[in-house]
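K.L.:
Read off the chains here:
There are 2 protein chains.
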Amino acid sequence: MQRLQSRTAEKVKALCRLRDSAKERAETGGFLAEGLRLCRDIAQYLPARELYATEKMLSEHPELTNLAAQTFEISDAVAEKLSDTKTTQGVFALFERPAPLETLRSGGRYLALEHVQDPANLGALLRSASAFGFEGVLLCSHCADWFSPKVLRAGMGAVAKLRYACYDDVNELAKALRAANIALYAAALERAVSLEQAPALTDAGLAVLIGNEGNGLTDEAVALADVTVRIPMMPNVESLNAAVAGSILLWHFRSLEEAAQ
Amino acid sequence: MQRLQSRTAEKVKALCRLRDSAKERAETGGFLAEGLRLCRDIAQYLPARELYATEKMLSEHPELTNLAAQTFEISDAVAEKLSDTKTTQGVFALFERPAPLETLRSGGRYLALEHVQDPANLGALLRSASAFGFEGVLLCSHCADWFSPKVLRAGMGAVAKLRYACYDDVNELAKALRAANIALYAAALERAVSLEQAPALTDAGLAVLIGNEGNGLTDEAVALADVTVRIPMMPNVESLNAAVAGSILLWHFRSLEEAAQ
Chain C
1 MQRLQSRTAE KVKALCRLRD SAKERAETGG FLAEGLRLCR DIAQYLPARE LYATEKMLSE
61 HPELTNLAAQ TFEISDAVAE KLSDTKTTQG VFALFERPAP LETLRSGGRY LALEHVQDPA
121 NLGALLRSAS AFGFEGVLLC SHCADWFSPK VLRAGMGAVA KLRYACYDDV NELAKALRAA
181 NIALYAAALE RAVSLEQAPA LTDAGLAVLI GNEGNGLTDE AVALADVTVR IPMMPNVESL
241 NAAVAGSILL WHFRSLEEAA Q
Chain U
1 MQRLQSRTAE KVKALCRLRD SAKERAETGG FLAEGLRLCR DIAQYLPARE LYATEKMLSE
61 HPELTNLAAQ TFEISDAVAE KLSDTKTTQG VFALFERPAP LETLRSGGRY LALEHVQDPA
121 NLGALLRSAS AFGFEGVLLC SHCADWFSPK VLRAGMGAVA KLRYACYDDV NELAKALRAA
181 NIALYAAALE RAVSLEQAPA LTDAGLAVLI GNEGNGLTDE AVALADVTVR IPMMPNVESL
241 NAAVAGSILL WHFRSLEEAA Q
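So the protein sequences, as listed, match chains C and U.
Each residue of the first sequence is one higher than the one before, counting from 1 in the UniProt record's numbering.
Each residue of the second sequence is one higher than the one before, counting from 1 in the UniProt record's numbering.
In short, the hints are calculated from the structure, not lab data.
Nothing here was measured: the structure is a model prediction, and the numbers come from that model.
Zero decoy hints are in this set.
No distinction is drawn between identical chains; accordingly, a pair holds when it is met within one copy or between any pair of copies.
Derived DSS-like pairs (lysine-lysine); straight-line CA-CA distance at most 30 angstroms:
#1 K13 / K86
#2 K86 / K23
#3 K86 / K150
#4 K11 / K86
#5 K86 / K56
All chains should be built: construct the whole structure from the sequences, respecting the hints.
P.N.:
Following this line, the structure appears as structure tokens:
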């Protein structure tokens, strides 16, 4: 087993760049995950190139050496350096980032996000999408980076289960959906049908589109939608948390058919 | 108008204690809110004792002087000292904390929380409870403090609209619910009916009980519930974000009848 003991080693610096920079992740095709459970969860779905763990963790969990092609024993100092959390468990893995979807599946169910920026919201939405039978997430207009440590943590491994695609803007997204004959449902407050009246299951594919935390969807996005729906609320209430609103739509349009088989 | 210019003034120190300490808030019966919109929202429901705003804010929004019994013009330095955020707007208000509920209303709808600790989750749940026609929130076993700056911010003023009560533990909560003949619905993963099979509207009152972010409800809480419900999910998914799971239950058991009147 190789050792990685110095905080200033080139390899440690490279891993920190991978942790901190979306650009670095895109260029190298990898991402860094932290934590025993998260690394194990992701490894069920994506190939791990390298595992890094402290001596203590490796002696408590010897099976960790099977998780990746290569294992490095790291010092506590290196673990602290690599960590994005207050107290680190001392386990990290470098995963291969899956390729984005090139085309959407006709009949598929997708969560689409326009300019969702809070990593905790994005992570919570990913968990909901994965729980309610959506197969992929379509990001447009500068959402929080999918493979950042905070999204990985808030998403609890859902990132690894879901397919994804990125679009420059909502026009590109709408074009991709039309090409696959997938209906676009947008959450909006005005000129929208109540979610209670929206048919829950459709045979055709659908994409549920959620907007920015503070500002909601752009007018452009609402105009491109096939159906706009609103979540009925008490009259003196203006809005819900973005992850909550999105998750209620995902719950309404869920498809757990595979679960019953 | 009085002025408050020095960061080290006794009054400024007292306001910082109010911002930071749940004990101080309980003892003085007040709480401090920050931000133009939040202060205005809360003032629709609760009496404001004092308003603090910078010269700039007071000249842009002269109607702010009507918001509280007394207004103080504060310096930028005092605004920064009082602020809990990265960049402050320079508006704060000291509100009177409403008294907790002494008894529950038979036929009432409540959100009950056991040991929910993340202020963002608590705030998101409050917004959902307020949006879906729940009249109060019942906190037990050391939840995040209801009147803390982070909960106020995440809750977007919902704190001011909802009545609340605190209980030492889930036993005390169950006693109060039984006394008012209110059914306790608990979210649980095992030995639970699917939410799809749970009747949505009941004439009797109900309380929806949500547990801690990491550990869910205690066994004691599950044992005390009249009905345990689970949100059906795909088989390879273990859990949802706590605020999302709770909000889906609140949505299912919503009562927007007043909205239609």
